[in-house]
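2 protein chains.
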Amino acid sequence: MSSNKADTIYIGKKPLMTYVTSAIIQLATMPVITIKARGQSMGTAIDVTQIVIRKTKPAFSIGDIKIGSESLVSSDGRNRDVSTIDISIKRNTP
Amino acid sequence: MSSNKADTIYIGKKPLMTYVTSAIIQLATMPVITIKARGQSMGTAIDVTQIVIRKTKPAFSIGDIKIGSESLVSSDGRNRDVSTIDISIKRNTP
Numbered sequence: 191m192s193s194n195k196a197d198t199i200y201i202g203k204k205p206l207m208t209y210v211t212s213a214i215i216q217l218a219t220m221p222v223i224t225i226k227a228r229g230q231s232m233g234t235a236i237d238v239t240q241i242v243i244r245k246t247k248p249a250f251s252i253g254d255i256k257i258g259s260e261s262l263v264s265s266d267g268r269n270r271d272v273s274t275i276d277i278s279i280k281r282n283t284p
Numbered sequence: 191m192s193s194n195k196a197d198t199i200y201i202g203k204k205p206l207m208t209y210v211t212s213a214i215i216q217l218a219t220m221p222v223i224t225i226k227a228r229g230q231s232m233g234t235a236i237d238v239t240q241i242v243i244r245k246t247k248p249a250f251s252i253g254d255i256k257i258g259s260e261s262l263v264s265s266d267g268r269n270r271d272v273s274t275i276d277i278s279i280k281r282n283t284p
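Protein chains in written order, with this note's numbering: chain A, 191 to 284; chain B, 191 to 284.
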């Protein structure tokens, strides 16, 4: 979680529109951003992407979508695998 | 929901492993299947995909991932947009 690059948005537990706004602000100056989430936030990442695309239509479109999993050590010391999703949103060239 | 083709698995509210088992059974006879979900089930679709890939390693891999949205009419008669995800899983050619 330390690589908090300005072109990546990590989805957490804030209200949905917080992430939509951040994404649109970042897309104002960058050609590509990536929305990342894991576990229960993955659905929110997809919702955020859809809202960003709809609100800015037809300026941006969905790029690569990757899913994977990460091993986390939970509070009882055991390993848990959580799924992850990375969605890129890119500016459409005119 | 009527196009319940045998090569598509719709994720709903059953236990996760139900879908994992269905997917692995379908992949025994088909080269490609698609896992579909919408709304809150999208995270489960990603979890199911990851477990299928891990349990059958290295036989299958993740193909195209598409996200979109659908307009539903909710019980109060208003339109609601829900996000959707379609994940394809394909057999690796040796």
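The hints are simulated quantities; they were obtained by calculation from the structure and are not laboratory data.
Computed from a predicted structure; not experimentally measured.
Certain hints may be false.
Listed next, the in silico SDA-like pairs over lysine to any residue satisfying Cα-Cα at most 25 Å (straight line) [unchecked claim]:
#, chain 1, residue 1, chain 2, residue 2
1, A, Lys245, B, Gln240
2, B, Lys245, A, Leu217
3, A, Lys226, B, Met220
4, B, Lys204, A, Ile214
5, B, Lys226, B, Thr208
6, A, Lys204, B, Arg270
7, B, Lys256, A, Thr224
8, B, Lys204, A, Ile257
9, B, Lys280, A, Gly258
10, A, Lys203, A, Val263
11, B, Lys245, A, Lys245
12, B, Lys256, B, Tyr200
13, A, Lys256, B, Thr198
14, A, Lys204, B, Lys280
15, B, Lys226, A, Val263
16, B, Lys256, A, Val263
17, A, Lys256, B, Lys256
18, B, Lys204, B, Gln240
19, A, Lys280, B, Asp276
20, B, Lys245, B, Val272
21, A, Lys256, B, Ser251
22, A, Lys280, B, Gly229
23, B, Lys204, A, Ser259
Computed footprint of chain B on chain A, listed as stretches where at least three residues anywhere in the stretch have a Cβ under 8 Å from a Cβ of chain B [unchecked claim]:
#, segment
24, 209 to 221
25, 232 to 245
Using N, Cα and C, we set each Cβ at its ideal position, and we do this for glycine too.
Verification of the hints:
no.	hint	verdict
1	A:Lys245 <-> B:Gln240	31 Å, violated
2	B:Lys245 <-> A:Leu217	38 Å, violated
3	A:Lys226 <-> B:Met220	31 Å, violated
4	B:Lys204 <-> A:Ile214	36 Å, violated
5	B:Lys226 <-> B:Thr208	14 Å, holds
6	A:Lys204 <-> B:Arg270	21 Å, holds
7	B:Lys256 <-> A:Thr224	16 Å, holds
8	B:Lys204 <-> A:Ile257	22 Å, holds
9	B:Lys280 <-> A:Gly258	16 Å, holds
10	A:Lys203 <-> A:Val263	20 Å, holds
11	B:Lys245 <-> A:Lys245	40 Å, violated
12	B:Lys256 <-> B:Tyr200	14 Å, holds
13	A:Lys256 <-> B:Thr198	20 Å, holds
14	A:Lys204 <-> B:Lys280	36 Å, violated
15	B:Lys226 <-> A:Val263	29 Å, violated
16	B:Lys256 <-> A:Val263	30 Å, violated
17	A:Lys256 <-> B:Lys256	10 Å, holds
18	B:Lys204 <-> B:Gln240	17 Å, holds
19	A:Lys280 <-> B:Asp276	20 Å, holds
20	B:Lys245 <-> B:Val272	30 Å, violated
21	A:Lys256 <-> B:Ser251	12 Å, holds
22	A:Lys280 <-> B:Gly229	23 Å, holds
23	B:Lys204 <-> A:Ser259	22 Å, holds
24	209 to 221	violated (count 0)
25	232 to 245	holds (count 7)
The structure does not agree with the numbered hints 1, 2, 3, 4, 11, 14, 15, 16, 20 and 24 stated previously, though it agrees with the rest.
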